[in-house]
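The hints should help you fit chain B onto chain A, whose structure is shown.
Chains as they are written, first to last, in the working numbering: chain A, 1 to 193; chain B, 194 to 338.
Careful, some of the hints might be misleading.
To be verified - Dumping the calculated DSS-like pairs for lysine-lysine here, alpha-carbon to alpha-carbon at most 25 angstroms:
(1) A:K127 with A:K21
(2) A:K21 with A:K33
(3) B:K203 with A:K94
(4) B:K203 with A:K93
Hints in this document: simulated from the structure, not taken from any laboratory.
All figures in this text were calculated on a predicted structure; none of them were measured in a lab.
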Amino acid sequence: MTEFALLLVGAALVNNVVLAKFLGLCPFMGVSKSVDSALGMGLATTFVITLASAASWMLENWLLAPFGLGYLRILTFILVIAATVQFVELAVKKSSPSLYQALGIYLPLITTNCAVLGVALLNVMEKSNFVTSLFYGFGSALGFTLVLVMFAGLRERLALARVPAAFAGAPVGFVLAGLLSLAFMGFAGLNFK
Amino acid sequence: MVERILHVVKVDGGIAWAVPESGGACAACVSAARCGASGAASAQAIPTQSLPSASVGDRIVVGLESGALTEAALTAYAIPMTTMLVCAGAVGAWSHSDGLAAVAAAAGLALGMLIARLRGLRPSVRARFAPRVLRQVEPAARCAP
Numbered sequence: 001m002t003e004f005a006l007l008l009v010g011a012a013l014v015n016n017v018v019l020a021k022f023l024g025l026c027p028f029m030g031v032s033k034s035v036d037s038a039l040g041m042g043l044a045t046t047f048v049i050t051l052a053s054a055a056s057w058m059l060e061n062w063l064l065a066p067f068g069l070g071y072l073r074i075l076t077f078i079l080v081i082a083a084t085v086q087f088v089e090l091a092v093k094k095s096s097p098s099l100y101q102a103l104g105i106y107l108p109l110i111t112t113n114c115a116v117l118g119v120a121l122l123n124v125m126e127k128s129n130f131v132t133s134l135f136y137g138f139g140s141a142l143g144f145t146l147v148l149v150m151f152a153g154l155r156e157r158l159a160l161a162r163v164p165a166a167f168a169g170a171p172v173g174f175v176l177a178g179l180l181s182l183a184f185m186g187f188a189g190l191n192f193k
Numbered sequence: 194m195v196e197r198i199l200h201v202v203k204v205d206g207g208i209a210w211a212v213p214e215s216g217g218a219c220a221a222c223v224s225a226a227r228c229g230a231s232g233a234a235s236a237q238a239i240p241t242q243s244l245p246s247a248s249v250g251d252r253i254v255v256g257l258e259s260g261a262l263t264e265a266a267l268t269a270y271a272i273p274m275t276t277m278l279v280c281a282g283a284v285g286a287w288s289h290s291d292g293l294a295a296v297a298a299a300a301g302l303a304l305g306m307l308i309a310r311l312r313g314l315r316p317s318v319r320a321r322f323a324p325r326v327l328r329q330v331e332p333a334a335r336c337a338p
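Extracted from the complex, chain B is given alone in its bound form:
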């Protein structure tokens, strides 16, 4: 189980909106205030049936099955990247035109994202990729990203 600490910013009918805390090297970086990465994380909607007492300001630990994280990353990133490289490589070898190869890469990327979307729409996949609230944490606690 991969765990992460989140900060609850809104609770609305069994759904908590929470923002992940930056961890590891980012948390200790002196340039964090000026870095774009620190503000890149947006609030996520997470069902909180297992922790009904969660309220705004709480810090909660959210978990996801280890295999699910890898599978989601492979689906979201590896499939579009593979189709993009295959299309660009095939067209580049056939035509030797950079413009056509760039168009083929864009088409391959779009095709890969479509495949990833269709795969992500399966009900079994949706259930496995949904993170769960595990517990509430003390203010000083930290966990690995």
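The following block holds chain A by itself, in its conformation from the complex:
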């Protein structure tokens, strides 16, 4: 249990996928104007990243590595992730039409972002077992959601602030993201994986 807790802290805070590895910046800037939509988007992305981590681990260890097909890794991972995203949409649509009605409009699955592929590739490089890979993917996605919601909260406050015209909008958002990234560098002192 301690091992899983340390893994989650390490993946979510120390090696944060957005602020330490700079992956998934498109939804980070694009879907962070309100906390509610950021939380919804973060949960959707967390679900997809966790599923993609499991699928990519199985693909790597049961198909690509045994048959020496490592050179097809990126191509197959992209296909598997795209299929996972479509599966999530179909599964939610068929199993819970009412939930799909609420989520379908506001979250048109922008989850096909580089963070999903990046986490899957990093996961494979770690050469862990299935459960560890699953929790690493979940921890990374949790870090993505945490940062997205924090950033959305800050941007909501920023919308009420008096910002110089030259910095209004995306520029001050990037300044804010830089400051957040500096703050997260503090976690690098923790001796986690």
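Relative to the frame of chain A, chain B by itself:
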């Protein structure tokens, strides 16, 4: 209230079929034409009793209660994910077999989706999760995703 602009593509007896417009960074991306995300949104059926004049080609603003969006996301994504992780973690710690852990993860995912489905079928939940048409918008208007 979380709002979103949609494009009406079909109107049929008080129900409008509308496609969400991509917003934020996706709308401004130069690769939008080649990106799978831009075409991922499918048409949604939305009751238009509050805006009977809606017709094909109109742009409408649809709203959903803020709490409802978070609740729907938690139900649809957090419950299946939690059951999947718990099942995989428990079986993985017990058997140390990757194959069994993968089967347990799949079983946990199916169980979580079943729980989410049962929760989503409640009439009170269905009513709260239904988005409403708020108003019609001018062609140049945009709103945050």
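* **Violating hint indices (sorted, rising)** => none
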